[in-house]
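Novice: Protein chains in written order, with our numbering: chain A, -13 to 376; chain B, -19 to 134; chain C, 33 to 241.
Here are the simulated DSSO-like cross-link-like pairs (lysine-lysine), alpha carbons at most 27 Å apart as the crow flies:
no., chain 1, residue 1, chain 2, residue 2
1, A, K265, A, K302
2, A, K319, A, K57
3, B, K(-15), A, K302
4, A, K337, A, K3
5, A, K54, A, K300
6, B, K(-15), A, K337
7, B, K(-15), A, K277
8, A, K304, B, K(-15)
9, A, K221, B, K130
10, A, K176, A, K302
11, B, K130, C, K177
12, A, K327, B, K(-15)
No lab work stands behind these hints, which were simulated from the structure alone.
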Amino acid sequence: MLNNSTNERGKGRSLIKAFLLTLPMLFIMALMITGGSGLPKDPLHLLPMIIAYIFINGTFFLMILTMKTDKYRSLLFVTYALCFVITFISNLIEVRGSMVLTHEDMSQGHTPFCHMVIPMVIVPAALTRTIIFPGSMLEGFAAIGSMLVLWLGASITLGKGWCSWACFYGGLDEGFSRIAKRPIVKNINKKWTYLPFAILLVIVLTSAATLAPTYCAWLCPFKAVTEFEEISSSKILLQTIIFFSLFVGLVIVLPILTKRRIQCGLFCPMGAFQSFTNKFNIFEVRIDPEKCVQCNLCVKTCPTFSIDEESVKKGKPKITCTKCGKCVDACPKEAASFHIKGTPLGVNYEKARLIFIYPAFLFLAIMGSGMITGAIYRVLLLVTTESMFK
Amino acid sequence: MVRFKTFLYYSWALMGVPIVLATFMGMNFWAKKLVAITGLEVSPRFTGGQVINTVKHDEYKTLIHRPVFNGLIRERRNGFVQIKWKPNEALLPRLIDEEIDFDTDGRSDFRIRLDTQTNEAELQAFNDEVVSPGEVLVLGNERIIRIALKRNSN
Amino acid sequence: MKGFLLGLANGTFCFAYCAPILVPYLLSEGKNVQRNFITISYFLSGRLIGYLAFAIVAWITNLIVIQNLTSRTTILGVVYIALAVLLMFYGFGTKEPHCVAKSTKALKKRLGIRHKYLLPVILGVLTGLNLCPPFLLAFTTAVEKDSLRQCLLFFLTFFIGTSVYLIPLPTIGLLRRYDILRPVGRLAAGVMGVYYIYFGFITFQGSIH
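Build out the structure end to end from the sequences listed, making use of the hints.
Specialist: Put into structure tokens, the structure is as follows:
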């Protein structure tokens, strides 16, 4: 099942073997998608669940069968992000009537906590034992405690793989980066790859100084597809213009022009923060120097600028590697591969890939199943009742 | 030794699936544990702080929160005090006019006149620390206001 | 606290531009970590002297110039914006500002071997008086302070903030990180410039209203 001979990836795996390897995922997803409480009777809830189940497990099956990672990961990842937007916005409109976050909502702790806030809350939390975010610790949707647990679990298992297997925003950036056939803008100055770390430093310091999450207030482009503060002053109007412009520029336009994940690779401070988790995560991508012919295809392919000529020579991408598998699939000599730290290089690389993609895909599937089910439900509601809202 | 180390690394890698399952299935449990162990809570700059005094009136209750001057290492000079009005029955009276003592020294610190229909507030300060009223927040039939405070010395 | 955090944020600029020139001279005594710590301590002491001297200048500026200005907030707002643009220009652009550290070689030659121990102290004083954009921004913030004590405290905390990046330098391991820390420092300074533009605008806007 776990072949390692050269070009074995190109041939893929037999159907039976692939099915047997997919079986555990089928059982786990059946449990997770139903929440352990059986199938719903209402067809409006049952049908989305079935579609999501087939789609998710079908994607995984193909990933196992073809021994290719990125194409199928990306399919689910982008779908998850789109469905997240549909589900999140629909829920907001249903509960609040609009995407606008009012001061009343904030005063009641109704703001869902998103992982982007984590770097900003650490210093104040360490010094004051308070979270500088208008959310709820344990109650409601996306409570602070729950999101912290999710993030911890993902960091331990995936490291910066969070950015390609868990983040509900990354799929938007990724989706737009896959639209064009060829990049129009090819040369990007290497210095911009340090911008996420610079932004991280500034937002950590300014958040500690002001005791408010400055990235959320000023820079987060994803407010354009989630929720944003009611425009009640010129300052908030300026903030709105900024985040909307950043969304259009960094998430839509530049990824289309460059075929790279610009927001993720050149801006996101959470991504920069998450890079440090790669230091202790057991999984990594490695480049076998004995097989590598230095064609630099991986350098051109990497969506987050995590590989350059220097890292090819060193045999491993930079700490910003999101373990998406694009370089692994693209490498014509199978020199790039997933690897378990501390184990011999160039041996059992398919085993290492399987051991990595199981928890990674599981994380993505569980996070995504709720959103995909929710989005399909909304679409069905629209088709049957002419409204996406109950 | 090398084989044993390799075995250990593979074992740790294989823990990926159980950790993911434990994360999702036990999310509420782990979240409660995390909060209990760390003692983390939402900053009073967002929650308004604890209620330290409740003044009962015929038609409503006035909840006076602890003044918030929380800073990163020590208290800041600028802060606020949150006042909340809750009706006893259905609605708050049209006009609320009362004096508030937020530092529990027995003396009123400011007088506030709140029109619950237009949601406009007027403030008369009796204490040097009281600066200005903030925006009136409407939560159903309740009203919340934050009064900006400034300490004269640290 | 504000001074300290501003120092931390702006200190990346100092680190990015001055440290690569200073470090080879400061640590040219050898790889002895203890010796390097002593050298850095001399350097930081000199820098502190420079900063506190400037705190006094800021206070005098407040007394003589700022307090007598009718449109002080307008002028301060404009100054913030101008300095912020400069910070962004150096942070995001390719040009480098003048740093006194560039005269280290000449200074070392002048001092000779007899007085070479003075080199880190003098370099510290000179960098403490160096008029680079983050320092000018800190100066602009300090001139608004109400007392000499506050000016001195602000510059002291600013000094501590900027020095945080220099303290671990004596450990050789960090020297290898320059190729990463330098661009991060420059870009962070540029991002801080964006923040200061906003800060300048609200100061300016406040003066109009």
